[in-house]
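Assemble chain B onto chain A, guided by the hints.
There are 2 protein chains.
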Amino acid sequence: MTDFLQRFESHLRAALGDPRHAEREPAVLLEASNHLATAGSAKRMRPLLVNHFGAAVDLHPLYRLCIATAAELIHTASLLHDDVIDEGTERRGRPTANARWNNSVAVLSGDLVLCIALEQLYELPRTVTTTAIELVAEMTRSAMLEVQARRARRWDLDDWHAIARGKTGALLAWCGRAPALAKNESDLARSFADCGHHLGLAFQITDDLIDVMSTDTGKNRFADLRQANPSFLIAAARQRDDQLCRDIDAWWDGDGEADELHRLARAVASSEAPRVAVNAVDDHLAAALDALGEFANHPNGRQIVGWVEQLRSIAHGALTSALPKRSHA
Amino acid sequence: MTDFLQRFESHLRAALGDPRHAEREPAVLLEASNHLATAGSAKRMRPLLVNHFGAAVDLHPLYRLCIATAAELIHTASLLHDDVIDEGTERRGRPTANARWNNSVAVLSGDLVLCIALEQLYELPRTVTTTAIELVAEMTRSAMLEVQARRARRWDLDDWHAIARGKTGALLAWCGRAPALAKNESDLARSFADCGHHLGLAFQITDDLIDVMSTDTGKNRFADLRQANPSFLIAAARQRDDQLCRDIDAWWDGDGEADELHRLARAVASSEAPRVAVNAVDDHLAAALDALGEFANHPNGRQIVGWVEQLRSIAHGALTSALPKRSHA
Numbered sequence: 001m002t003d004f005l006q007r008f009e010s011h012l013r014a015a016l017g018d019p020r021h022a023e024r025e026p027a028v029l030l031e032a033s034n035h036l037a038t039a040g041s042a043k044r045m046r047p048l049l050v051n052h053f054g055a056a057v058d059l060h061p062l063y064r065l066c067i068a069t070a071a072e073l074i075h076t077a078s079l080l081h082d083d084v085i086d087e088g089t090e091r092r093g094r095p096t097a098n099a100r101w102n103n104s105v106a107v108l109s110g111d112l113v114l115c116i117a118l119e120q121l122y123e124l125p126r127t128v129t130t131t132a133i134e135l136v137a138e139m140t141r142s143a144m145l146e147v148q149a150r151r152a153r154r155w156d157l158d159d160w161h162a163i164a165r166g167k168t169g170a171l172l173a174w175c176g177r178a179p180a181l182a183k184n185e186s187d188l189a190r191s192f193a194d195c196g197h198h199l200g201l202a203f204q205i206t207d208d209l210i211d212v213m214s215t216d217t218g219k220n221r222f223a224d225l226r227q228a229n230p231s232f233l234i235a236a237a238r239q240r241d242d243q244l245c246r247d248i249d250a251w252w253d254g255d256g257e258a259d260e261l262h263r264l265a266r267a268v269a270s271s272e273a274p275r276v277a278v279n280a281v282d283d284h285l286a287a288a289l290d291a292l293g294e295f296a297n298h299p300n301g302r303q304i305v306g307w308v309e310q311l312r313s314i315a316h317g318a319l320t321s322a323l324p325k326r327s328h329a
Numbered sequence: 001m002t003d004f005l006q007r008f009e010s011h012l013r014a015a016l017g018d019p020r021h022a023e024r025e026p027a028v029l030l031e032a033s034n035h036l037a038t039a040g041s042a043k044r045m046r047p048l049l050v051n052h053f054g055a056a057v058d059l060h061p062l063y064r065l066c067i068a069t070a071a072e073l074i075h076t077a078s079l080l081h082d083d084v085i086d087e088g089t090e091r092r093g094r095p096t097a098n099a100r101w102n103n104s105v106a107v108l109s110g111d112l113v114l115c116i117a118l119e120q121l122y123e124l125p126r127t128v129t130t131t132a133i134e135l136v137a138e139m140t141r142s143a144m145l146e147v148q149a150r151r152a153r154r155w156d157l158d159d160w161h162a163i164a165r166g167k168t169g170a171l172l173a174w175c176g177r178a179p180a181l182a183k184n185e186s187d188l189a190r191s192f193a194d195c196g197h198h199l200g201l202a203f204q205i206t207d208d209l210i211d212v213m214s215t216d217t218g219k220n221r222f223a224d225l226r227q228a229n230p231s232f233l234i235a236a237a238r239q240r241d242d243q244l245c246r247d248i249d250a251w252w253d254g255d256g257e258a259d260e261l262h263r264l265a266r267a268v269a270s271s272e273a274p275r276v277a278v279n280a281v282d283d284h285l286a287a288a289l290d291a292l293g294e295f296a297n298h299p300n301g302r303q304i305v306g307w308v309e310q311l312r313s314i315a316h317g318a319l320t321s322a323l324p325k326r327s328h329a
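So the protein sequences, as listed, match chains A and B.
In terms of the working numbering, the first sequence is residues 1 to 329.
In terms of the working numbering, the second sequence is residues 1 to 329.
Worth flagging that the hints you see were computed from the coordinates, not collected in a lab.
Hints are not guaranteed to be accurate.
The list makes no distinction among identical chains, and a pair is therefore deemed to hold if it is satisfied within one copy or across any two copies.
Below are the DMTMM-like pairs computed for lysine to aspartate or glutamate, each with C-alpha atoms no more than 25 Å apart in a straight line [as the list claims (entries may be wrong)]:
{"hint": "1", "residue 1": "K43", "residue 2": "E31"}
{"hint": "2", "residue 1": "K183", "residue 2": "E119"}
{"hint": "3", "residue 1": "K183", "residue 2": "D283"}
{"hint": "4", "residue 1": "K183", "residue 2": "E260"}
{"hint": "5", "residue 1": "K43", "residue 2": "E87"}
{"hint": "6", "residue 1": "K183", "residue 2": "E272"}
{"hint": "7", "residue 1": "K183", "residue 2": "E9"}
{"hint": "8", "residue 1": "K183", "residue 2": "E123"}
Bound conformation, chain A alone (with noise of 0.2 Å):
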């Protein structure tokens, strides 16, 4: 773990409050919040963000951590209540809040750690709040959308985009703005937040092009086809192959077998699809580096570079892997 992680992870801790120490709080409260926020499988993507952004402008170490942690949070506060909206069972290898406790402690444990996020800007430029309480609402947005897509049972790329904007673009996007607007540097506030954005689509095309793609034959495996989720790929391919489209179609409409399942997933894995879903991830890449400019060349800046690489090389990776075997399940 790197230095600053181990900083974050106890700078989180702090802000979130010991449940065994709660004076004010009703202690599940707190431990809802610390259940989901400090599960060790949390990939603490936007924090590195955050740091690596707030490095380039060279921001007070601790001004970064509070930021850091004003994302996690407001990302762990949409996840609290997403799981509530899907009436989500497993997050992070923990059961969610809203099975291990109620719904109730899962809406109010996502009200309060949003409080809680906010009130880590307090120090910053009002701005730096201003854009938070501006995100959160255009997460909340998408948040809708994605229902409304996935009971709808009907949405195609044009949707996925407002979706993906919402939902990983944007706070991304504040991931690199927010330590900018900090130092008042509201040109780097732009730039940095069209790298957060553009590199926020990217991840996502790749995590719906992994959902077909991955050889991996565990229990989740065509999760975005089998429960209607927006994903780019599922979407390029109806919109490429008038006949599959109609095939999903009937088996979103119906209950569907799982054979018909497989043989839908093979038939988008074996579209133009992944390699439409491939060449966007790479444009979002491209936009993404262009973005940083010559913080390229910064310490940090390479570390960014280094996950554009890593991204480019996985989602490369999932277009030359062996198609979706049938699974013996």
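Below, chain B without anything else, positioned relative to chain A:
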């Protein structure tokens, strides 16, 4: 309707946005937000209080509208989430958002409404925003305490205080604090917050009193006793009469008969508790007037004095009204 309330209603609608012209929003979030926030039966106690305190410090009318809208929307957001938590089906004579739509819409419209509330405060000094965030955290904590108390079916006057402070007192306190902070009047902010806090507790005790003492025989009669809702009156009765306390516990623990509920309500009503409650209302109202100070002579201050007198008269009226009659429903 007063001139202020007319301007408030149109400011509120503009802040929420018109679902028919939704460009960025999923329309359903705006529909759900408007559905609750603009229900005709809303009393607008919080906006009125903001206007009175704002006039006292000669705050620009536009800023009064902004703080009033923020206060009403913070209240609305908490109700949207409370109704998910309580699985409520009716509010202000309309189906709740979770009943009319579903939990997703209710949770997300609550999140969005909170963002819109905070956006109202951008032009005002920063402390108005930071105190609003702390207010939401406090309301969230006390909502959790209330859920736990209701589930455990055990609470005393201390629990009641902790819950009522955050549930009712904190927002009414902010309605006094925020207009004064907007003019950087920090001493007045403390006094007005104090006044709002005591008014809030007096309102809550009167509400609790009416639940048992009202001669109204509607279906929500004795809701606090029936649902084990934390109530000042019931807590005071339980504290003073061990046998009554055991009888109430037994009713809460078993599947109570309606007859027994009416007997318990009559026992609470004829105990010392109503007198204790009315004394507490008197004390809080005296403290509210004390905090109001010289401002009691200001034209808007006289409006608040009018509320104090009205509330005192309702509380004393409940005490002298007929004991609750057996319902014929």
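* Asked: Using 25 Å as the alpha-carbon threshold, which applies to K183 and E260: within, between, both, or neither?
  -> For K183 and E260, the Cα distance exceeds 25 Å both inside one copy (55 Å) and across copies (67 Å).
* To do: Tell me, please, which holds for K183 and E9 at an alpha-carbon limit of 25 Å: within, between, both or neither?
  => within (24 Å within a copy, 39 Å between copies)
* To do: Tell me, please, which holds for K183 and E272 at an alpha-carbon limit of 25 Å: within, between, both or neither?
  => neither (45 Å within a copy, 62 Å between copies)
* Taking 25 Å as the upper bound on the Cα-Cα distance, should K183 and D283 be classified as within, between, both, or neither? -> neither (30 Å within a copy, 50 Å between copies)
* At most 25 Å between C-alpha atoms: does K43 with E87 qualify within a copy, between copies, both, or neither? -> Classified as within; 23 Å inside a copy, 35 Å across copies.
* When no copy is named, should K183 and E123 be tagged within, between, both, or neither for a Cα gap of at most 25 Å? -> both (12 Å within a copy, 21 Å between copies)
* Tell me, please, which holds for K43 and E31 at an alpha-carbon limit of 25 Å: within, between, both or neither? => Answer is within; shortest intra-copy Cα gap is 20 Å, inter-copy 37 Å.
* To do: Measure nothing new, just compare the shortest in-copy and cross-copy C-alpha distances for K183 and E119 to 25 Å and report within, between, both or neither.
  => Close inside one copy (18 Å) and across copies (22 Å); limit 25 Å.
In the structure shown, a violation is registered for the earlier hints numbered 3, 4, 6, in ascending order.
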